[in-house]
Amino acid sequence: MTLADSLPSEAVRTQAHATDWREAIRLAGDGLVAGGATTDVYTQEMIDTVERLGPYIVIAPGFALAHSRPSPAVLRTGLSWVSLAEPVEFGSEHNDPVSVVVGLAATDHDGHIGMMAELAGAIGDDALFARLKQAETPEQLLEELRAAGSAGQDAAATPPEGETP
Amino acid sequence: MKIITVCGMGIGTSVLLKMNAEKALRGLGVDADVEAADIGTARGAARTAEIVLTSADLADEIGDVPAKVIVINNFTNAEEITTKLTEALS
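Just so you know, the protein sequences line up as chains G and X, in that order.
Using the numbering used here, you'd call the opening residue of the first sequence number 1 and step up by one each time.
Using the numbering used here, you'd call the opening residue of the second sequence number 1 and step up by one each time.
Calculated from the structure, these hints are not laboratory results.
Careful, some of the hints might be misleading.
Straight-line C-alpha distance at most 25 Å; calculated SDA-like pairs for lysine to any residue [what the hints assert, rightly or not]: (1) Lys-84/X <-> Asn-73/X; (2) Lys-23/X <-> Ala-147/G; (3) Lys-133/G <-> Ser-9/G; (4) Lys-23/X <-> His-109/G; (5) Lys-23/X <-> Ala-130/G; (6) Lys-84/X <-> Ile-113/G; (7) Lys-2/X <-> Ala-117/G; (8) Lys-23/X <-> Asp-57/X; (9) Lys-23/X <-> Ala-117/G; (10) Lys-23/X <-> Asp-110/G; (11) Lys-68/X <-> Ala-56/X; (12) Lys-23/X <-> Ala-127/G; (13) Lys-23/X <-> Gly-149/G; (14) Lys-84/X <-> Ala-117/G; (15) Lys-133/G <-> Pro-87/G; (16) Lys-133/G <-> Asp-5/G; (17) Lys-2/X <-> Thr-82/X; (18) Lys-23/X <-> Asp-108/G; (19) Lys-68/X <-> Val-30/X; (20) Lys-23/X <-> Ile-113/G; (21) Lys-133/G <-> Asn-77/X; (22) Lys-133/G <-> Arg-52/G; (23) Lys-23/X <-> Asp-125/G; (24) Lys-84/X <-> Ile-62/X.
Whole structure, please, built from the sequences with the hints as guidance.
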């Protein structure tokens with residue numbers, strides 16, 4: 001499953017407004033619910049995770065990967081994407097303030113590896129991440145991801161170790 | 001050699017870190033077994049690992065283990081991961 005395929009446009013919010021990190025996660029949770037991946041209960045579980053363990057989900061400058069564990073509130077594996085018009089503080093020493101929150105729901109521990117690899121690539125690519133942050137509409141954002149995804153596939157000419165082409 | 005990547009739940013950030021650590025290790029030509037773990041199982045897993053990679057917020061939670069605990073600030077930065085792994089391996 002590619003990144004653009006796992007993000008239905010209902011699950012994407014661009015230039016959204018949040019007053020604090022809880023509201024930012026809530027928007028990501030609303031996106032997961034709108035995309036049919038979770039119920040509202042999961043949104044609260046994602047907030048509880050940060051309450052309990054701290055802002056460890058803020059894993060790159062300006063970027064948070066909101067998630068909780070597989071639970072009955074997860075209907076299927078999926079993602080949501082929220083870009084904020086005004087960044088919010090999560091309390092992360094190195095990576096605050098956050099302007100993109102991706103919501104992740106997973107039904108197991110490794111069914112979403114390909115999707116995560118592509119996400120890591122998108123966030124780690126400074127130029128692409130800047131374009132994603134600036135996207136005004138969900139369609140623009142998905143267009144950028146699709147373009148990056150197909151470029152990535154062309155570049156990945158060598159198959160991973162242990163696999164035959 | 002065993003390396004574990006640790007996050008709160010074991011499905012999100014640790015998986016991402018595991019993939020980037022594997023890439024860095026391939027670049028360094030180091031043969032290692034990288035496992036993602038949630039904070040609950042990490043303390044046990046860390047007893048048999050040589051290196052633990054995690055975020056600053058969770059490093060203290062790992063507790064007293066023989067493994068080297070390395071804090072990664074930017075999980076998507078290949079350079080930071082490679083540099084810190086090189087230091088830990090030397």
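Which of the numbered hints above does this structure break? 22
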